[in-house]
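Make a model of the complete structure from these sequences and hints.
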Amino acid sequence: MDKGVRTAYILLIIGLMLVIVSAISFYFFSSERFAYTVVSYAIFGGGFGLLGDGIGRLNAARLEKKDPERMKIINIEKNDERNIAINEKAGSKSFTFSQYLFTAVIVVLAILRVELRTLLILLSTDLIILVYSLCIRLKLYKEM
Amino acid sequence: MKNRIEELRKERGIKQEELAMALEVSRQTIGSLENGRYNPSIQLAFKISKYFGLKIEDVFIYEEE
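Residue numbers (this note's numbering), protein chains in the order written: chain A, 82 to 225; chain B, 63 to 127.
It should be emphasised that the hints constitute simulated quantities derived from the structure, not laboratory data.
The beta-carbon is built from N, C-alpha and C at its ideal position, and this holds for glycine as well.
Cross-link-like lysine-lysine pairs, in silico, DSSO-like; alpha carbons within 30 Å at most:
no.: 1; chain 1: A; residue 1: K174; chain 2: B; residue 2: K64
no.: 2; chain 1: B; residue 1: K112; chain 2: B; residue 2: K64
no.: 3; chain 1: B; residue 1: K112; chain 2: A; residue 2: K153
no.: 4; chain 1: A; residue 1: K159; chain 2: A; residue 2: K146
no.: 5; chain 1: A; residue 1: K223; chain 2: A; residue 2: K159
no.: 6; chain 1: B; residue 1: K77; chain 2: A; residue 2: K146
no.: 7; chain 1: B; residue 1: K77; chain 2: A; residue 2: K147
no.: 8; chain 1: A; residue 1: K220; chain 2: A; residue 2: K174
no.: 9; chain 1: A; residue 1: K159; chain 2: B; residue 2: K77
Computed spacing ranges between beta-carbons, pair by pair:
no.: 10; chain 1: A; residue 1: G126; chain 2: B; residue 2: R74; range: 49 to 57 Å
no.: 11; chain 1: A; residue 1: V120; chain 2: B; residue 2: K64; range: 52 to 60 Å
no.: 12; chain 1: A; residue 1: I210; chain 2: B; residue 2: S103; range: 22 to 30 Å
no.: 13; chain 1: A; residue 1: G127; chain 2: B; residue 2: L116; range: 46 to 54 Å
no.: 14; chain 1: B; residue 1: R99; chain 2: A; residue 2: D148; range: 29 to 37 Å
no.: 15; chain 1: A; residue 1: I167; chain 2: B; residue 2: K72; range: 24 to 32 Å
no.: 16; chain 1: A; residue 1: I95; chain 2: B; residue 2: K72; range: 51 to 59 Å
no.: 17; chain 1: A; residue 1: R87; chain 2: B; residue 2: K72; range: 43 to 51 Å
no.: 18; chain 1: A; residue 1: V195; chain 2: B; residue 2: E80; range: 53 to 61 Å
no.: 19; chain 1: A; residue 1: I155; chain 2: B; residue 2: R99; range: 20 to 28 Å
no.: 20; chain 1: A; residue 1: E196; chain 2: B; residue 2: S103; range: 48 to 56 Å
This is the structure we're talking about:
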């Protein structure tokens, strides 16, 4: 079996299992604690995401067999250097914008006297993103 | 950076789509290159020059800003 098709089937199976697990946990445990409901929804979301990815990959593999010429065009569009450059630039600009947005949200929430725990969660999320960005930067400094 | 891609392509009677397929880039990239809106990577620049059978400096004209 082709490596891509195998990955697609693995994703499909894991996704399906997660959806089933989330349905079972929602049915049996959601009434016990609100946190269980949230976890069930999160698993459900993740499961459906993997299912979608698997279906997409299977479709791509099928298309590659059925219509290789069209698949070649799709791959060209995907790997086109201008498209990649545009995506990277858009990602970089949206990252900068998200930092401004994060700061604004934290300030607004602080003014609204929101619970300290909520603020700390937001702050630590932003900090993790910044540390991750720094790690990527250091890695790229070494590689390039 | 200016280039002679459009001129060379038209001389040879090649469509943008055909050039794009040969270079494995999108048609929009060829359009942007011809209009001077996008500067190619060094790899693509070599690929383009090779495709036309010319030296890189015969296709791309470097201009100091």
